[in-house]
Amino acid sequence: MPNVQKETEADLIPIFIMGKRYLVPESLTIMKAIEYAGYQFIRGCGCRGGICGACSTVYRKAGDYKIYSGLACQTVVEPNMYLTQIPFFPALRREYDYETMEPVAESIYQLYPELFRCVACNACTKICPMDVQVLDYISALKRGDLEAATRISFDCIQCGLCASRCMGELPQYHIAQLARRLHGGKLAPRAEHLRQVVESIAAGKFADVMEELKALPVDELRKLYTERELEPAMSDEQWRPSNNAGL
Amino acid sequence: MKISYYPGCTLKTKAKNLEDSALASLAALGIEVEELERWNCCGAVFSLADDDLIHQVAPVRDLIRARDAGADKLVTLCSQCYNVLARANKLMREEEEKRETINLFMDEEVDYHGEVQVVHFLDLLRETIGWDALREQVKVPLEGLKVAPFYGCTLLRPAEVAVGGGDRGAPHVLQDFLSALGATPVRFSAAEECCGAYEVLINPVEGMRRAGSVLAAAGESHADAIVLSCPLCEYNLGRKQGDIRAQVSGIPDIPVFYFTQLLAIALGLDASAGRFELNMASARKLLQDKKFVEAPATQV
Ligand code: FES
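These protein sequence lines map, in sequence, to chains V and B.
Position 8 (the first sequence) corresponds to 1117 in our numbering; numbering is contiguous.
Position 280 (the second sequence) corresponds to 288 in our numbering; numbering is contiguous.
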């Protein structure tokens, strides 16, 4: 008997959402599959574009002891995937006065002494849906290297899965955020082109355009907005808007 | 033969003078080492609990990284790191059941069986160059410098990981090293004692008493300086020396060096390679008084 593909519908595959079995189209992302199954997101969903970190999901596959993770909005469903979302995982975030804080590792050690509870088990790196080398940035911080911690943790979207798996109970993602703030704001060289642009804006580069816009009636403003030229989804780096006014 | 280098956390922060002087010396001696591209804290203290395997994971991970980098040897400088890495390696070589458990837990790495050899910098010098050849490389013999060699605990204990290559008698690697540099190792009764270690955190009074007795013994040996390889010992005997002197009587004012700092100077490297600004003030002054290094140009 030859395989007869249904032409109109995608094939349905079984997945288990919080333990309950559903048949969903095989081409969907986890997020769309959950919606297809009848759930409505009030948490656990944000940008739908793989950047906000709200939709972190953990899953297992039938017969496999490993824990897998993914962003629900980016990961395509697999047959017999057992999943649940973890939209939030509690992790201690210390308060601090950024202005008066020294950009040195000791500032971090004082706020987060639990950093030294890390046993290098690597569970954090294994679970990270963004493939951040979490253990490596924690190790970098233990040796006082804020620059390396900033670089290594750069793709972190603060989903918190690392903290959910940590046997040392570290809030890795909060620690890394503090490291990036200290390094980015107080140590890294200032971006010269940014300074120039900010100066030119302060000097009134867009003042006229802004005044024109402010004078428009709401209807026309809305029309301008809805009809604005959008960058095509697949455009290359050379793409430029046809009207450059205001840029 | 490829040699990987494991610095350890303290060498990247408080003990830059240990790392910088060592790396500059290795370059001068033509020994090539490569810092591990990725490494984590070794744990600093070897876990003695028989059923506590999770604390072996950190050092084993570093050993795996060295193996995966294609290294035959992993060289370390800090006595604590050396001790932890060497003992974890021994465990992975000899204790089959524990090795199995650890390898099963670290399921994303290729199993490790102790393929890499962990060596302390002193043994690397001894094995790779040898004391006679080192003596020939010395440009500034440290003549007339009387030095108390301080081993402390972790370079020597347990015996299976003791530096010196399985020599079971009284340790003499540091003495041989100092002699090769032209210095005079003195007989030092506290050479193998504890510096007080982490007692400084838990029970500072007792910690200072311990460090004080080591310093007093160094004074009795009429040494000009103490030499060691451990940042924790340096902290207790060097950095805290002023505090100890203020509290305990009979404590000499005696500079404490990392052994690699004396090596760099003896090899004729610029004094900046020693990073003596990170030592107690008397350290550089002693080397200047002995005319091994010049006084820094006075600031205008
Ligand atoms: S919804 Fe924002 S990352 Fe998935």
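Heads up, a few of these hints could be off.
[As the list claims (entries may be wrong)] The calculated lysine to aspartate or glutamate pairs, modelled on EDC-like cross-linking and capped at a C-alpha distance of 20 angstroms, are: (1) Lys20/B x Asp1264/V; (2) Lys1235/V x Glu116/B; (3) Lys22/B x Glu1256/V; (4) Lys1235/V x Asp58/B; (5) Lys1175/V x Asp115/B; (6) Lys24/B x Glu1215/V; (7) Lys24/B x Glu1256/V; (8) Lys20/B x Glu1256/V; (9) Lys1175/V x Asp119/B.
[What the hints assert, rightly or not] Here are the computed distance ranges between Cβ atoms for each label pair: (10) Ser280/B x Glu1215/V: 23 to 29 angstroms; (11) Pro149/B x Arg1290/V: 30 to 36 angstroms; (12) Trp1348/V x Ile39/B: 51 to 57 angstroms.
[What the hints assert, rightly or not] With the C-beta cut set under 10 angstroms, the calculated list includes, among others, these residues of chain V facing chain B: (13) Cys1227; (14) Ala1229; (15) Asp1245; (16) Arg1252; (17) Ala1300; (18) Arg1304; (19) Gln1305; (20) Val1306.
It is worth saying that the hints were derived from the structure and are not from the lab.
By construction, the Cβ of each residue, glycine as well, lies at the ideal position given by its N, Cα and C atoms.
Verification of the hints:
For the proposed pair Lys20/B and Asp1264/V, the alpha carbon gap of about 25 angstroms is over 20 angstroms, so the pair is violated. Note on Lys1235/V and Glu116/B: the hinted pairing holds, with a Cα-Cα distance of about 9 angstroms set against a maximum of 20 angstroms. For the suggested pair Lys22/B and Glu1256/V, the alpha carbons sit about 17 angstroms apart, so the restraint of at most 20 angstroms is met. For the hint linking Lys1235/V to Asp58/B, the alpha-carbon distance of about 27 angstroms lies beyond 20 angstroms, and the restraint is violated.
The straight-line distance between the Cα atoms of Lys1175/V and Asp115/B is roughly 10 angstroms, inside the 20 angstroms bound, and the hint therefore holds. Only pairs whose Cα atoms come within 20 angstroms are accepted, and Lys24/B paired with Glu1215/V is accepted, the gap being roughly 16 angstroms. Restraint check for Lys24/B and Glu1256/V: the C-alpha separation of about 17 angstroms stays at or below 20 angstroms, so the hint holds. A hinted pair counts as satisfied when its Cα atoms are at most 20 angstroms apart, and Lys20/B with Glu1256/V qualifies at roughly 13 angstroms.
Distance hint between Lys1175/V and Asp119/B is fulfilled; the C-alpha atoms sit about 18 angstroms from each other, no more than 20 angstroms. Evaluation of the 23 to 29 angstroms hint for Ser280/B and Glu1215/V yields a pass: the beta carbon distance comes to about 25 angstroms. Separation of Pro149/B from Arg1290/V is about 51 angstroms and departs from the stated range, judged on CB atoms against 30 to 36 angstroms. Remark: the range hint 51 to 57 angstroms for Trp1348/V to Ile39/B is upheld by a beta-carbon distance near 54 angstroms.
With a least beta-carbon distance of about 7 angstroms to chain B, the hint placing Cys1227/V at the interface is held under the 10 angstroms criterion. Hint status for Ala1229/V: holds, given a least beta-carbon distance of 4 angstroms to chain B, under 10 angstroms. Taking 10 angstroms as the C-beta contact cut-off toward chain B, the hint placing Asp1245/V at the interface holds, the least distance being around 6 angstroms. A least Cβ separation of about 4 angstroms between Arg1252/V and chain B falls short of the 10 angstroms threshold, and the interface hint therefore holds.
A least Cβ separation of about 27 angstroms between Ala1300/V and chain B goes past the 10 angstroms threshold, and the interface hint is therefore violated. For Arg1304/V, the suggested interface contact is broken, since its CB lies about 32 angstroms from the closest CB of chain B, more than 10 angstroms. Given the 10 angstroms rule on beta carbons, the hint for Gln1305/V is violated: about 36 angstroms separates it from the nearest Cβ of chain B. Given the 10 angstroms rule on beta carbons, the hint for Val1306/V is violated: about 36 angstroms separates it from the nearest Cβ of chain B.
The structure is inconsistent with the numbered hints 1, 4, 11, 17, 18, 19 and 20, although it conforms to all the rest.
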